[in-house]
Amino acid sequence: MDAPSRRRLFVLVIAAVLVLALPVLAAQPPTAAAQDGFVPVSRTAQQETIPAARLVVSAYGFVWVMLLGYLWSIWSRLGKVERELQAVSRRIAAGERRG
Amino acid sequence: MRRLFLPLTIVAAGMFMCAPFLIDGAPYESTMGLVQKIFYFHVPSAMTMFVSAIVCGVASAVYLFKGRPAADRLAAAAAELTSVFGIIVLVTGPLWARKAWGVWWVWDERITSTFVLWLIFNAYLLLRKYGGPGSERLAAGLAVFGMANVPFVYWSVNVWRTLHPKTTVVPTLQPGMRGPFWFCVTAFLLFYVLALSARAHLEARRAELETLYLDIEE
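Each protein sequence line maps, in turn, to chains A and B.
Numbering follows my numbering, in which position 94 of the first sequence is assigned residue number 94; successive positions increment by one, without gaps.
Numbering follows my numbering, in which position 123 of the second sequence is assigned residue number 123; successive positions increment by one, without gaps.
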């Protein structure tokens, strides 16, 4: 076996050993990190398929917007009617003075 | 009512501010988890919608049989509030259903009949606005019909097989859930009474304005 072939075989053996060793490494007991502190994991792995928090916040937000919006609507309509009432009353009073 | 309006408004505002903290402290439901917390605003809105539909129907019946204009004004105010609370119910329900059932909307008996109830009171409002002279009486008849729909909507979940939770949910609530729920119901009903009186006052002022315009024309 010539030198380049021997080198190629050596690299192949090392790669095979590493690949075969991976499951063994993965099965090792947890390191100190799991006991002394939390190891963050990918957010996507822990996320719900349908996020409940977003739905709850949307529901409560919608209720608040609707109720406040309705109060504002009554307030503004009442203000408009009051202004119109005053204007009409003034017109009637002016007409009576002239008459 | 005028003297009590401001203090009661402050109480209602305080209750709505406290409600999220009470709801946050309420226990999670075992099968639905966090999303079940929509219940604390969804069901009180539905109860208020039913109360409003009944108020509108009774006031309309009084207007039809006794001809009292004040009853008609109260009915108009209640119809608008039925529509407002109906929108809240029909929006918060699908937000809850999306997580609990996996779909936004199901054409089942409870949901469809609630939607029909909401449509009836919107028809009432449209009829009053665009129906021309005399449409108040026609709208009043529609409101009585809408009120008659309320028991069907309420018991629909017990009569037909639907995805929607049954009416037994509320009487069998656990103590941790019962307190926040009835607190929210009280807050919604207090808001309803205040909004109804303000809206009826608006209708009364509109009637006064109409009388003044008629005086000018004469």
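Note that these hints are calculated values from the structure, not bench results.
No experiment lies behind these values; they were computed from the predicted model shown.
Keep in mind that the hints are not guaranteed to be accurate.
Now the in silico label distances, taken between C-beta atoms and shown as ranges [stated by the list, open to error]:
#1 B:66 x A:54: 25 to 35 Å
#2 A:14 x B:163: 31 to 41 Å
#3 B:31 x A:65: 37 to 47 Å
#4 B:1 x A:86: 22 to 32 Å
Which bits of chain A does chain B cover? Going by a derived footprint, with three or more residues having C-beta under 8 Å, they are [claimed, not checked]:
#5 3-13
#6 57-69
Quick partial rundown of chain B residues pointing at chain A, CB under 10 Å, derived from the structure [what the hints assert, rightly or not]:
#7 40
#8 105
#9 135
#10 162
#11 166
#12 191
#13 202
Where is the CB? At the ideal position from N, CA and C, for every residue including glycine.
Okay, the hints, checked on the actual structure:
1. B:66 x A:54: 25 to 35 Å: 50 Å, violated
2. A:14 x B:163: 31 to 41 Å: With Cβ atoms ~59 Å apart, the hint is violated.
3. B:31 x A:65: 37 to 47 Å: 29 Å, violated
4. B:1 x A:86: 22 to 32 Å: 23 Å Cβ-Cβ, so the 22 to 32 Å window holds.
5. 3-13: violated (count 0)
6. 57-69: Satisfied; 8 residues make the cut.
7. 40: 9 Å, holds
8. 105: Given a least distance of 14 Å, the restraint on residue 105 of chain B is violated.
9. 135: 20 Å, violated
10. 162: Interface hint status for residue 162 of chain B: violated (20 Å vs cutoff 10 Å).
11. 166: 21 Å, violated
12. 191: 6 Å, holds
13. 202: With Cβ-Cβ at 5 Å, under 10 Å, it holds.
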